[in-house]
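Residue numbers (numbering that gives the first Met the number 0), protein chains in the order written: chain A, 0 to 311; chain B, 0 to 381; chain C, 0 to 290.
Treat the hints with caution; some may be incorrect.
Under 7 Å between C-beta atoms, here's a sample of chain A residues computed to sit facing chain B [said to hold, decoys possible]: (1) Ala-22; (2) Asn-25; (3) Tyr-27; (4) Asp-30; (5) Pro-136; (6) Gly-228; (7) Phe-229; (8) Thr-301.
Computed footprint of chain C on chain A, listed as stretches where at least three residues anywhere in the stretch have a Cβ under 8 Å from a Cβ of chain C [stated by the list, open to error]: (9) 109–115; (10) 119–126; (11) 235–247; (12) 278–287.
To be clear, the hints were calculated from the coordinates, so they are not data collected in a lab. Even glycine gets a Cβ: it sits at the ideal position worked out from N, Cα and C.
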Amino acid sequence: MTMKPTTRGFLFLAFVLAVLPLALTNGYYYDLAIRMAINATIAVGLNLLIGYTGQISLGHAGFFGIGAYASAILTSRYGLPSGLALIIGAVATAGLAFAVARPILKLKGHYLAMATLGLGIILSMVVVNETDLTGGPDGMPVDAFSLFGMQIVGEQAWYVVVVLILLLVTRAALNLIDAPAGRALQAIHGAEIAARVAGVDTTSFKVRVFVLSAVVASVMGSVTAHYVGFLTPGVAGFFHSIELVTMVVLGGMASVFGSILGAVVLTLLPQLLSAFEGWETVVFGLILMLTMIFLPRGILPTLRLKFAGRAA
Amino acid sequence: MEKRTFIKFTLAAAACAAIGTATAADPIRIGAVLSVTGPAAYLGDPELKTLQMYVETLNKSGGVLGRPLELVHYDDGSEAGKANGFAKRLIENDKVDFIIGGTTSGATMAIAPLVERAQVPFISLAGAVVIVEPAKKWVFKTPHTDRMAAERVFDDMKKAGLTKVALLSENSGFGQSGRKEAQAVAAKYGITLVADETYGPKDTDMTAQLTKIKGVPGVQAVFVFGLGQGPAVVTKNFAQLGIKLPLYQSHGVASDEYIRLAGAAAEGVRLPSPALPVAAKLPATDPQKKVVSDYAKLFAERWKAEPSTFGGYAYDGLMLATDAMRRAGSTDKGKVRDALEATTNFVATSGAFNMSASDHMGLSLSAFRMLEIRNGDWTLLN
Amino acid sequence: MLSELLQFLFSGLTVGAMYALAAVGFSLIYSASGVINFAQGEFIMLGGMSAALLVQAGVPLPLAIALAVLVAAAAGLIVEKLAIEPAGNSEVVTLVIITIGASLTLRGLAEVFLGKGNHALPAFSGEDPLVIFGATLMPQSLWVMGVTLVVVLALGLFFGRTTLGKGVLATSCNKLAAQLVGINTRFILLLAFGLSAALGAVGGILVAPMTYTSYDVGIMMGLKGFVAAALGGLGSGFGAIVGGLLLGIVEAMTAGYISSAYKDAMPFVLILLILFFLPQGLFGKKATDRV
Numbered sequence: 000m001t002m003k004p005t006t007r008g009f010l011f012l013a014f015v016l017a018v019l020p021l022a023l024t025n026g027y028y029y030d031l032a033i034r035m036a037i038n039a040t041i042a043v044g045l046n047l048l049i050g051y052t053g054q055i056s057l058g059h060a061g062f063f064g065i066g067a068y069a070s071a072i073l074t075s076r077y078g079l080p081s082g083l084a085l086i087i088g089a090v091a092t093a094g095l096a097f098a099v100a101r102p103i104l105k106l107k108g109h110y111l112a113m114a115t116l117g118l119g120i121i122l123s124m125v126v127v128n129e130t131d132l133t134g135g136p137d138g139m140p141v142d143a144f145s146l147f148g149m150q151i152v153g154e155q156a157w158y159v160v161v162v163l164i165l166l167l168v169t170r171a172a173l174n175l176i177d178a179p180a181g182r183a184l185q186a187i188h189g190a191e192i193a194a195r196v197a198g199v200d201t202t203s204f205k206v207r208v209f210v211l212s213a214v215v216a217s218v219m220g221s222v223t224a225h226y227v228g229f230l231t232p233g234v235a236g237f238f239h240s241i242e243l244v245t246m247v248v249l250g251g252m253a254s255v256f257g258s259i260l261g262a263v264v265l266t267l268l269p270q271l272l273s274a275f276e277g278w279e280t281v282v283f284g285l286i287l288m289l290t291m292i293f294l295p296r297g298i299l300p301t302l303r304l305k306f307a308g309r310a311a
Numbered sequence: 000m001e002k003r004t005f006i007k008f009t010l011a012a013a014a015c016a017a018i019g020t021a022t023a024a025d026p027i028r029i030g031a032v033l034s035v036t037g038p039a040a041y042l043g044d045p046e047l048k049t050l051q052m053y054v055e056t057l058n059k060s061g062g063v064l065g066r067p068l069e070l071v072h073y074d075d076g077s078e079a080g081k082a083n084g085f086a087k088r089l090i091e092n093d094k095v096d097f098i099i100g101g102t103t104s105g106a107t108m109a110i111a112p113l114v115e116r117a118q119v120p121f122i123s124l125a126g127a128v129v130i131v132e133p134a135k136k137w138v139f140k141t142p143h144t145d146r147m148a149a150e151r152v153f154d155d156m157k158k159a160g161l162t163k164v165a166l167l168s169e170n171s172g173f174g175q176s177g178r179k180e181a182q183a184v185a186a187k188y189g190i191t192l193v194a195d196e197t198y199g200p201k202d203t204d205m206t207a208q209l210t211k212i213k214g215v216p217g218v219q220a221v222f223v224f225g226l227g228q229g230p231a232v233v234t235k236n237f238a239q240l241g242i243k244l245p246l247y248q249s250h251g252v253a254s255d256e257y258i259r260l261a262g263a264a265a266e267g268v269r270l271p272s273p274a275l276p277v278a279a280k281l282p283a284t285d286p287q288k289k290v291v292s293d294y295a296k297l298f299a300e301r302w303k304a305e306p307s308t309f310g311g312y313a314y315d316g317l318m319l320a321t322d323a324m325r326r327a328g329s330t331d332k333g334k335v336r337d338a339l340e341a342t343t344n345f346v347a348t349s350g351a352f353n354m355s356a357s358d359h360m361g362l363s364l365s366a367f368r369m370l371e372i373r374n375g376d377w378t379l380l381n
Numbered sequence: 000m001l002s003e004l005l006q007f008l009f010s011g012l013t014v015g016a017m018y019a020l021a022a023v024g025f026s027l028i029y030s031a032s033g034v035i036n037f038a039q040g041e042f043i044m045l046g047g048m049s050a051a052l053l054v055q056a057g058v059p060l061p062l063a064i065a066l067a068v069l070v071a072a073a074a075g076l077i078v079e080k081l082a083i084e085p086a087g088n089s090e091v092v093t094l095v096i097i098t099i100g101a102s103l104t105l106r107g108l109a110e111v112f113l114g115k116g117n118h119a120l121p122a123f124s125g126e127d128p129l130v131i132f133g134a135t136l137m138p139q140s141l142w143v144m145g146v147t148l149v150v151v152l153a154l155g156l157f158f159g160r161t162t163l164g165k166g167v168l169a170t171s172c173n174k175l176a177a178q179l180v181g182i183n184t185r186f187i188l189l190l191a192f193g194l195s196a197a198l199g200a201v202g203g204i205l206v207a208p209m210t211y212t213s214y215d216v217g218i219m220m221g222l223k224g225f226v227a228a229a230l231g232g233l234g235s236g237f238g239a240i241v242g243g244l245l246l247g248i249v250e251a252m253t254a255g256y257i258s259s260a261y262k263d264a265m266p267f268v269l270i271l272l273i274l275f276f277l278p279q280g281l282f283g284k285k286a287t288d289r290v
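Just need the whole structure built from these sequences, with the hints factored in.
In structure tokens:
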């Protein structure tokens, strides 16, 4: 029985995530793993957009912020159940993403980056300024996530939750890429006009992928808000968007597992760099530059290419 | 099998030995999460420098309880989410005995639930009232609240008969907290806020906001709440527009840098401030004179930089923490917390601290001095 | 009323001219390479910071300005040589991440070596405001606007009249074709980075007396420059100037007449509207797809 490489990869990922807790000897390591899984999930979603359709978004933190603040505000100020708040946030994000997708995705390259950047910044300005709702720049606390009377408490429980979400999203992304729709996706990145001539409705695909990646970001925003228990406007800001894009590009565009790797690296780096007292920014910048110069297709695809070349 | 048991035994023995020798010289671990970079670096940078400097100083004089201090610090980049993660690291991984920090109110509030759960004494260096109201068992703070800054300014305005005030606040945690508190206490001093404008922390020109304020009928004074270069730009624009109203700033500009940046435009500006900028001008009878003079001198020598009142908050935090440890006679977290809560008349750079179960800051309004800038220097008002 | 409007306009033009200078740098590099250089803001910072620190150290102002421009230009050349050139024909997104890395590195170095304090530069022509119909204008604003104008004219001449300038344009249109007709595209790219960095530094120096400067001013100026460049149409020098001025004026008018809290959001609302209807920005070239 032969397995598809993606299935093998998926099983490997599931195995790693299952045995990882053995290495997580305290709450801090769990915390790191949880943050990695959250970032990885968003990156997998965003990579569908960036890697497979070739559309850059510098505004995904905005969608993350909608989910996060929807959860925070609806649960603590209006007493809604956290599950419902999460869904409302996701639906609102989907609605907004859908509404802006068509005009925005007509744009190309940097104009698309500009438009998504603008969208993200407008959203984060709203969060900063509507202090009565959001607590303003000082942020607001968020209650624990509870479902059917059960609360998710403690790092271990959260680990299970975010890992399941990560596996679910990864599986869905892999399926999407393998399906005929996925081939259409890849065609869009390769040659949009050729794909259109061949009868692929490229715009409608792009819109769907855009909405999908936005919803993933929004749901993870809700999850993060409940997990961290406190929310500040930075989560919706420009730098968070850049961070997310960097995870995708660093890990490898059009590589689902690359995104996960990228998220792991970018979550871990600041923790490791804290040893460089004062030089963190410099070292971080240098690592970014060197990685992209020497592994221009991203970490995973470049390495894979190298090893494949050696094997052949 | 036998070999493995042997290894286990030696490891256990080694561990025992390590613990045995450790108790005497095992360092007291002070954890800190500060905003050393990012928008709040203006506060976080001197805070870190202060902690580093005084950990060195204390260790040179034999440490605390006969044990050296070890500072474990992380930079949250002015993001509360990161502060939360680093606080977890301090508690779970570095196993610190005490946490100082949370440069911003956002970071502090993101750390607070963690220290409450893990039961680690924690002193915040941020200004918001919510940090200590209501008092949380393990959370303390050293700076005056933003409400006290607003009250001190409004009190001064009231005495001068100014009742219609325009508020111009920075779009940052510091500025918006100040704005909220100013709005909350204005009525208490019979003050009406006739304008409520904001500016971005990195804005380069505030003439539009000031022009608008100038045009508000009946406005008698302007109150600016912000940090660093923003308020200096406001001050220059104020002079450029030829506005003759009294200009009040917050304690966010209580540093020599502000006078240097704003230059002649800063003449006549009034602000509430801890005693630090006027250390040399305090009367010899002032109980704070020695503390603030020593701090200012040491900081200037060690870092070749101007001391900052924000660094002073970190000094107060570290000194309150070590004082509590000495009085508790141990680093047992519960005992240190109790000792900290029992702090009475502890004179530091922000004033004299008198903590209690309901007051985890312990400063009174009088700890803020009103200053005026005259001839390019600070003048102490009464 | 009129004096108020005029005051908002002055404020907008002053800030807008700063944005315009930042935007020109973006446009120039975009023209030569198709890359949005996220390190542009750091060149602005380097100019302002170097000049301020040199003056503090006792160097006369004109010399300090010249040296600061050189420092920034050198930084631009180094970034191109060490980071952009080795990356070769990577995808544009990859290059963008490289410029982000370069930006972090430059800012980090400034933080370590130049410190985190705020610095001022003396105004070039004094601090006495000019009063025009009841509105006031700082002499330094005239410097900013004047130099911006000179830069526009100079760039116009450069692109329109010199072989080198035409080479830059040719490279941006079609790199391969440009190489085939004997244009040294590698040199063109180097030139674009050096020139953009120098222009950025000029901007940073000009505004330092009014806005002060610190190691992290590049973030905001870079972002605004990018917005201004996109607003005007990437790759269009004239568009960059118009985009910058428009951005500044919209911000000032929003702060003055609508809400200072949302003044920074307004340009983005504007940009979304413009891009919805004019996907190439105001003055951008219509690109045709190659199949």
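Now the hints, each set against the structure:
1. Ala-22: 13 Å, violated
2. Asn-25: 4 Å, holds
3. Tyr-27: Holds: closest Cβ of chain B sits about 4 Å from A:Tyr-27, inside 7 Å.
4. Asp-30: 5 Å, holds
5. Pro-136: 4 Å, holds
6. Gly-228: 6 Å, holds
7. Phe-229: The hint holds - A:Phe-229 has a Cβ within 7 Å of chain B, the shortest such distance being about 4 Å.
8. Thr-301: 29 Å, violated
9. 109–115: Answer holds; 5 residues pass the 8 Å Cβ test.
10. 119–126: This one holds; 4 residues, not fewer than the three required, reach chain C with a Cβ under 8 Å.
11. 235–247: Check passed, 4 qualifying residues.
12. 278–287: holds (count 10)
Checked against the numbered hints listed earlier, the structure breaks hints 1, 8; every other hint is satisfied.
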